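Same order as they appear, the protein sequences are chains X and C.
So the first sequence is numbered by the working numbering: it starts at 1 and just counts up by one.
So the second sequence is numbered by the working numbering: it starts at 1 and just counts up by one.
These aren't lab readings, by the way, just hints derived from the structure by calculation.
Among the clues, some could well be false.
For lysine to aspartate or glutamate, the following EDC-like pairs were computed, each having C-alpha atoms within a straight-line distance of at most 16 angstroms [what the hints assert, rightly or not]:
1. X:Lys-21 with C:Glu-53
2. X:Lys-15 with C:Asp-196
3. C:Lys-3 with C:Glu-103
4. C:Lys-217 with C:Asp-228
5. X:Lys-21 with C:Glu-108
6. X:Lys-21 with C:Asp-199
7. X:Lys-21 with C:Glu-174
8. C:Lys-162 with X:Asp-39
9. C:Lys-3 with C:Glu-174
10. C:Lys-11 with C:Glu-190
11. C:Lys-3 with C:Glu-145
12. X:Lys-15 with C:Glu-190
13. X:Lys-21 with C:Asp-196
14. C:Lys-162 with C:Glu-125
15. X:Lys-15 with C:Glu-145
16. C:Lys-126 with C:Glu-103
17. X:Lys-21 with C:Glu-145
18. C:Lys-3 with C:Glu-107
19. C:Lys-162 with C:Glu-137
20. C:Lys-76 with C:Glu-107
21. X:Lys-15 with C:Asp-187
Here chain X is said to cover these stretches of chain C; the calculated rule only asks that three of the stretch's residues, wherever they fall, bring their Cβ under 8 angstroms from a Cβ of chain X [as the list claims (entries may be wrong)]:
22. 140–150
23. 184–193
Counterexamples of contact, computed for chain C against chain X with all Cβ distances above 12 angstroms [unchecked claim]:
24. Gly-13
25. Val-56
26. Ile-64
27. Asp-67
28. Gly-157
29. Ser-160
30. Ser-161
31. Asp-196
32. Val-197
33. Gln-213
34. Leu-216
Bear in mind the structure is a predicted one, so any value in this text is a computation, not a measurement.
Heads up, the beta-carbon is just placed ideally off N, CA and C, and yes, glycines get one too.
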Amino acid sequence: MSLFDYFRDRKKPAKTASVAKERLQIIVAHERGQRSQPDYLPQLQQEIIDVISKYVQIDRDQVHVALDNQSDCSILELNITLPERP
Amino acid sequence: MAKIIVITSGKGGVGKTTTSAAIGTGLALRGFKTVIVDFDVGLRNLDLIMGCERRVVYDFVNLINGDSNLNQTLIKDKRSDNLYILPASQTRDKDALTQDGVEKVLEELKLTFDYIVCDSPAGIEKGAHLAMYFADEAIVVTNPEVSSVRDSDRMLGLLSSKSRRAESGERIKEHLLLTRYNPVRADLGEMLTVSDVEDILSIPLLGVIPESQAVLKASNQGVPVIMDELSDAGQAYGDAVDRLLGETIPHRFLEAQKKSLLQRLFGGR
Chain X
1 MSLFDYFRDR
11 KKPAKTASVA
21 KERLQIIVAH
31 ERGQRSQPDY
41 LPQLQQEIID
51 VISKYVQIDR
61 DQVHVALDNQ
71 SDCSILELNI
81 TLPERP
Chain C
1 MAKIIVITSG
11 KGGVGKTTTS
21 AAIGTGLALR
31 GFKTVIVDFD
41 VGLRNLDLIM
51 GCERRVVYDF
61 VNLINGDSNL
71 NQTLIKDKRS
81 DNLYILPASQ
91 TRDKDALTQD
101 GVEKVLEELK
111 LTFDYIVCDS
121 PAGIEKGAHL
131 AMYFADEAIV
141 VTNPEVSSVR
151 DSDRMLGLLS
161 SKSRRAESGE
171 RIKEHLLLTR
181 YNPVRADLGE
191 MLTVSDVEDI
201 LSIPLLGVIP
211 ESQAVLKASN
221 QGVPVIMDEL
231 SDAGQAYGDA
241 VDRLLGETIP
251 HRFLEAQKKS
261 LLQRLFGGR
């Protein structure tokens with residue numbers, strides 16, 4: 001910073017580092033959550049879809065599989081939206 | 001007992017090879033018999049950074065395939081009797097490195113060396129996987145920048161799941177090395193600070209290497225930057241090696257240098 005800059009630019013610098021930290025904390029936490037999922041989860045989801053589609057017409061997006069790890073037990077949550085009856 | 005240390009980062013261009021060269025040379029200068037292994041098949045560069053590019057005859061893949069033996073393949077560093085380099089192959093065959101082949105070579109190296117420093121390629125492909133698979137310790141090289149920090153976290157996940165130690169229920173000892181750090185910009189709030197990155201990655205800090213002109217100067221000449229003992233980066237790498245060997249030393253170069261009145265008035269650097 002030279003003498004001229006000193007007078008020209010005195011506005012406060014933007015604190016972009018705190019934005020970076022916040023964004024990183026969110027994305028890293030999200031990705032760590034996915035990482036702790038067991039490898040079989042996507043395949044499990046596919047097979048569940050296959051079984052259900054034998055009987056009902058469903059969309060892949062209508063099936064949600066989530067594994068929630070709590071201290072002493074894990075909860076496998078299946079959420080399947082069936083199409084409306086005609 | 002030989003120790004295998006992988007230098008990894010996920011993201012490219014953050015300083016893995018610079019760090020491998022510096023840490024490997026530092027260990028050798030402190031009396032440990034050290035070999036630095038370049039795992040970046042197809043994009044060999046450790047030889048250039050170490051200044052031995054014209055002495056490469058055989059490479060890692062030749063050694064695995066039995067075309068050459070260890071004595072023919074290892075390049076002895078001219079600056080230290082304890083230091084050797086195992087250059088990567090320039091082949092375009094991405095399956096040239098095999099897990100069995102790498103294991104065989106590392107087992108052979110373990111017989112004669114105290115430290116085996118594995119310079120990982122960027123990415124999470126085979127080369128990067130094999131570089132970390134047999135490691136006892138990992139140095140995760142990170143820049144204070146969002147994509148580098150995110151990729152480092154991804155590598156930490158892989159270290160704790162896709163390595164031999166992880167498969168047998170052990171842990172790889174992880175170290176964070178923050179490179180290209182600019183304390184002035186961190187003070188201004190323009191760059192993630194050391195503690196920001198520590199907070200996010202939550203692994204022990206091995207060292208902070210300041211952004212330094214010495215790094216380019218050293219690579220231009222093919223001299224590991226740790227040999228430039230007068231430079232900030234060289235000294236910071238020296239401290240990191242001492243910490244790796246178990247010493248407790250305060251971190252340096254974390255504070256912005258105060259400029260004198262004259263420097264401030266005339267914009268000197």
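Self-check item: In rising order, the numbers of the hints this structure does not comply with
Solution: Violated hints (numbers, rising): 1, 5, 7, 10, 11, 20, 28, 29, 30, 31, 32; every other hint is consistent with the structure.
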